Amino acid sequence: MSFLSNKYRVLVVLVGFLCLVSVCSNYVVMNFTFICMKNDMSFTRSDRGNEGLAFAADFAAIGLLTVRWAPLSETAIFLGALTSFTNFSSVLTNAVSGAICEGFGWRTAFYAHAALGLVFFLLWALVYNDNPQKSSRVSPVELRKIQKNKSEQHLDTKNVEVPYKKLLTSPVVLCVWLNAFAEMSIIVFLHTYAPIFFNRILKFSVAETGFLLALSVFFPLPLKLVGGIISDKAKCFSERAKMLFFNTISVGLVGVLIGLLSFIPQSYHYVSVVLFSIIFSCLSLNCAGFYKCATLHTRQFAHVVISTIQWMKSVALITGPALVAAIVKNEESVIQWRIVLCILGGVMVTANTFALCVFTDKPAEYTMAHANEKSIKYEATPEKEDA
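The sequence shown: position 254 = 254 (UniProt numbering), numbered continuously.
Any given hint could be a false lead.
[Said to hold, decoys possible] Capping the alpha-carbon separation at 25 Å, the derived lysine to any residue pairs in SDA-like fashion look like this:
{"#": "1", "residue 1": "Lys313", "residue 2": "Phe237"}
{"#": "2", "residue 1": "Lys134", "residue 2": "Asp156"}
{"#": "3", "residue 1": "Lys362", "residue 2": "Leu123"}
{"#": "4", "residue 1": "Lys362", "residue 2": "Ile327"}
[Claimed, not checked] What follows is a list of derived Cβ distance ranges for each label pair:
{"#": "5", "residue 1": "Val334", "residue 2": "Lys233", "range": "41 to 47 Å"}
{"#": "6", "residue 1": "Val206", "residue 2": "Lys362", "range": "49 to 55 Å"}
{"#": "7", "residue 1": "Pro195", "residue 2": "Tyr164", "range": "52 to 58 Å"}
{"#": "8", "residue 1": "Leu174", "residue 2": "Trp124", "range": "42 to 48 Å"}
{"#": "9", "residue 1": "Val271", "residue 2": "Cys236", "range": "46 to 52 Å"}
I should point out that these hints are in silico values taken from the structure, not numbers from a laboratory.
All values derive from a computational prediction rather than experimental measurement.
Beta carbons: idealized from backbone N, C-alpha and C, even for Gly.
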């Protein structure tokens with residue numbers, strides 16, 4: 001209990017992660033309707049609509065949970081843990097649901113997801129409080145750690161007016177969204193067209209394609225948390241330097257590697273597989289890049305900025321396939337795929353170049369109630385450091 005008394009935020013982020021996994025898993029498991037309900041799927045349309053509404057709120061939940069519960073010194077760790085829900089749920093649901101459908105029937109997969117979702121959200125209702133200060137489970141030591149270096153305006157959860165105009169005209173926020181759009185475009189492309197690329201260009205069989213792609217997505221999963229820990233705990237560099245370093249890896253370097261991928265000869269297809277794994281690994285470090293910049297710069301309004309990243313993903317779901325449809329007329333044409341990859345890579349490198357000039361870890365002026373408002377600070381003691 002002493003551990004939970006000073007680490008209750010860990011339980012909050014764990015339950016929040018499970019709820020996000022449940023939302024995404026329920027969305028993924030609906031794909032089995034195309035296999036299991038071939039005759040009539042009309043009654044599932046409303047379910048898909050409801051799941052879409054729930055899925056649309058996930059990034060806002062990530063931002064709000066980070067704003068309310070994450071100490072500034074643990075921002076990247078929170079973001080790394082929470083933003084890994086998509087890949088985790090995709091790998092877990094596809095593997096488990098397939099086995100359940102074969103062994104116990106497809107209905108069992110849906111019942112299992114529904115039951116687990118109910119359990120996770122009941123836990124969330126018991127565990128979560130929008131204000132840590134009002135939670136009796138949060139010790140004074142942990143509360144001081146959560147509030148350290150946050151302004152009074154940041155800690156005020158009532159009567160908060162979001163400065164939409166300032167957010168929409170902020171160069172830092174616009175650059176965060178540009179980097180998010182560039183990266184989401186790559187992620188959408190990889191998840192949508194990587195199977196086609198593996199099969200038609202790299203000449204892997206369907207079975208080999210599924211296995212190799214699963215490995216490419218699964219192994220980088222722990223890197224999100226590792227990157228967050230390194231970003232928050234490494235004290236030998238400034239916050240801005242660490243932010244730019246991780247953003248350059250997850251955005252700039254990925255852009256270069258995507259372009260390089262298009263020039264690897266087809267006979268070296270296993271080299272392309274390794275490069276795919278490296279690309280997914282680099283993408284996993286985004287939590288310490290533009291995500292962290294959004295949180296540290298916009299502070300109590302970070303949930304608005306991060307939720308817009310979900311909208312960027314929706315835009316990428318349109319622009320990505322449109323780009324492929326406009327250029328790739330023959331799925332076995334290496335040249336046509338090369339053009340697409342080079343365009344996507346160029347957008348990534350351009351976005352990262354702007355980030356190198358614009359990104360900052362300093363809070364924006366509009367996050368303070370008054371220009372001379374001070375942050376809440378506490379003198380470090382051994383007891384507090386244990387929190």
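Which hints from the list above does the structure break, by number from lowest to highest?
1, 3, 4, 7, 8, 9
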